[in-house]
Amino acid sequence: MSGSASDNTVQPASFAFTAENLAKAKAAIAKYPPGRQRSAVMPILDIAQRQEGWLPLAAMNAVAEMLDLAPIRVYEVATFYTMFQLKPVGKVHMQVCTNLPCMLRGSDEIVETCKRELGVGLGETTADGKFTLSEVECLGACVNAPVIWIGDDYYEDLDADSTRKIIAQLKAGEMPNAGSQTGRKGAAPIGGPTTLKTIAGGEA
Amino acid sequence: MPKLTIDGREVEVAAGTTILQAADYLGIEIPRFCYHERLAIAGNCRMCLVDVEKSPKPVASCAMPVAEGMVVHTDTPQIKKARGGVLEFLLINHPLDCPICDQGGECDLQDEVMAYGFDRGRYHENKRAVKDKDFGPLVKTTMTRCIHCTRCVRFITEVAGVPELGATGRGENLEIGTYVEKALSSELSGNIVDLCPVGALTSKPYAFMARPWELKKTESIDVFDALGANIRVDTRGNAVMRVLPRLNDDVNEEWLGDKSRFAVDGLLRQRLDRPYLRKDGKLQPISWSEALAAIAAKVKGLGGAKLAAIAGDMADCEAMTALKDLFGKLDSPNLDCRQDGAKLGGSPRASYLFNSTVAGIEDADVLLLIGTNPRVEAPVLNARIRKRYLKGGFSVAAVGPKANLTYKHEYLGDQTAILSAIADGSHPFAAVLKAAKKPMLILGQGALARVDGDILLGLARKIAETTGMVADGWNGFNVLHLAAARVGGLDLGFLPGAGGRDVEGILAGAEKGEISVVYLLGADEIDMSRLGKAFVIYQGHHGDAGAHRADVVLPGAAYTEKDATYVNTEGRVQRTNLAVFPPGEAKEDWKILRALSEAMNKVLPYDTLGKLRARMAEVNPLFAGINAIAPASWGSFGADGVPAADPLASPVDNYYMTDPISRASRTMAECTARFVGCAHKRTGTNG
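As you go down the protein sequences, you meet chains A and B in turn.
So the first sequence is numbered by numbering that gives the first Met the number 0: it starts at 0 and just counts up by one.
So the second sequence is numbered by numbering that gives the first Met the number 0: it starts at 0 and just counts up by one.
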């Protein structure tokens, strides 16, 4: 769990930013006044996670050194936020929301579909290491429930069929279209707008 | 200054004071778990809720600054209910294991439950369980009991300056720990046991040993370093169960080093509990009268020049006075209390004191450390330096051992030539010192206990004088001692008399056969192999190096077993109190010397502690003023010359074992095994 790092995770011995990511990290630090570099801890952890796919201890230690922080201060931040992955995850991390609005709109079915299609349970990674399925708390997209979050995108208004389609596309190495899977625009009412039809973008 | 009313009582406090502090000032009790006056305010336990008029909700008083005209109520039924609710939440995951918890009887949570607790639990779900952490051989963890007040995290980060503890995870999964499993590497880690308001952090060596109500509490003084921390010795029967710090803002605030706290199990091991005499090469038990008679017979007829006495690092002033007077009667000038050969002593007194005082560190703005690593030589004093450092506007530089101090400092090197350069103004740091308003330096025994110690002392004086450290109302020249007995010995003049030998001279004389009898008053840190064929009398409490070499062993009392006077590195005269009686036939040290004087027919003119203390005040009037500090006058001291090129080092390489008691302690042996190997590797990383 989050209390200590001493589980079975195999930790790489070292970590180094790529030149490109190092430049990004430096740019993140430069956004804050001198002496306040620790404020950049979350963006830099995010850069490290994007580079490695997850956050190994070595990366957290490197970030601590970079920001002149005690390593424990970085661990505190990284363990607080569920978006930081402290264990390796698959290339595609499917995070299914199961909070109340999603559940009412059928997230149980979505979870079941994912489990069936991927052949893994919640919190598990497929044997080929490509997919990880997790359950997450509210993603704040209740109006488009149920929702799966993959990479930087939300896949909304799901049902079993569209979920299967998305997984099939991902398995084939394609990138499915993000957003609502029923074709509605943003959070507009199903069946198109009922008010303000005349203004630009009012039409569904 | 804002004026407010708390429970109908008006009080005026400085702006920025919190409601809780104002209430404390009035003596109104507000329960708290996370708030601690010496730590940053966290405001996360919510136990200190109070009612503030015109505020819609109860307010956490520890984090709320007072405002003009505030009307606060701390004892309304609504507040009692609110606190009861907070407590009920704290208890949701707190186990009901008080009967097997070491905190029982001195637990803040237990106490508050007595005041605010609900009479039954309304929570039927499972309590969460948290895996215990390994914090090393000193602190035992039962993390299931933790209520997440974060006092330990704040102490380790702020005061100890070794940020290793943190709160990881969140919500239900929040845990206090190091995340990456490791032992706390602070020399002050024992203090988190005191700070923990529940039984999550308890003392590992003291685990299941005693209940607080069984203990007799005796106020005393610590002797494991020269700081003279104020302590409370808790005893049961005739055993010291534990040592806790006592409040003294001028000395140790309320902290205590780990050695001072945990080495006391050494008081029960390796003790000398009856006199011994070496017969046929082996120490054989004998009676007191035989032992004293044997010494008297040996000394009889020998001239004073053939006798010598060395006082050890834990010798008390009473015993040193008696021994000095006895040697005076024997016409021997060969006395020394400086086992390590430190080039200190004589006048002026300012030359061997921590003149700016420990509390005075907080007024300084620049600090130069010379030949010292205060983190291991006096960890509580080091915490005071860190406290000053955290306030800002404080620069520290070190000439001497490269140490992992707990504050940022400029490391100038370990070459003595740097000191010469600072003294003549050619080193850039001299300008920093000169520009400072209240500069100070701390001169360690690593610089003084060398052949050229007097030259380095002279250089330090020159640095102090040329950079304006000695001014009206401020003296920034400080000597940090290692031995609790040292300043007392110097104040009593336990030093070579006219034509007398110092430690080096005594050892050289014993080797050559010029010294026939050596009296060791708890002196174990000298090279015993150099005592040659001399007849060695060892008076002390532990079977250490001295007793091993001795021809006669006189069992004395350890610091917890006598009413004794010690003078700390600042020159503060403090007294220990007898907490337990010396074991077996061991006696208080001055009484042994008084009895010996009678056996020698050189009777010392005092037979009560009161008369002896009157004699001490006669030798040096300072001993009449207990707990007080008298500013010492300045003068010329030290020698001129060019110091040797040897690098400056700290004399302490293992903080956990520096004296006969800590060497006999099992706990300290565990700490040594656990920390000292890696401590060497750590040295030099940034602090």
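You may find that some hints are simply not true.
[To be verified] Below, a list of computed lysine-lysine pairs in the DSS-like style, where the Cα atoms sit at most 25 Å apart:
(1) Lys386(B) with Lys433(B)
(2) Lys86(A) with Lys401(B)
(3) Lys407(B) with Lys25(A)
No lab work stands behind these hints: they were computed from the structure.
Since this is a predicted model, take the numbers as computed values, not measurements.
Practice prompt. Run the structure past the numbered hints and jot down the numbers of the failing ones, going up.
Written response: As far as the earlier hints go, only 2 is violated by this structure.
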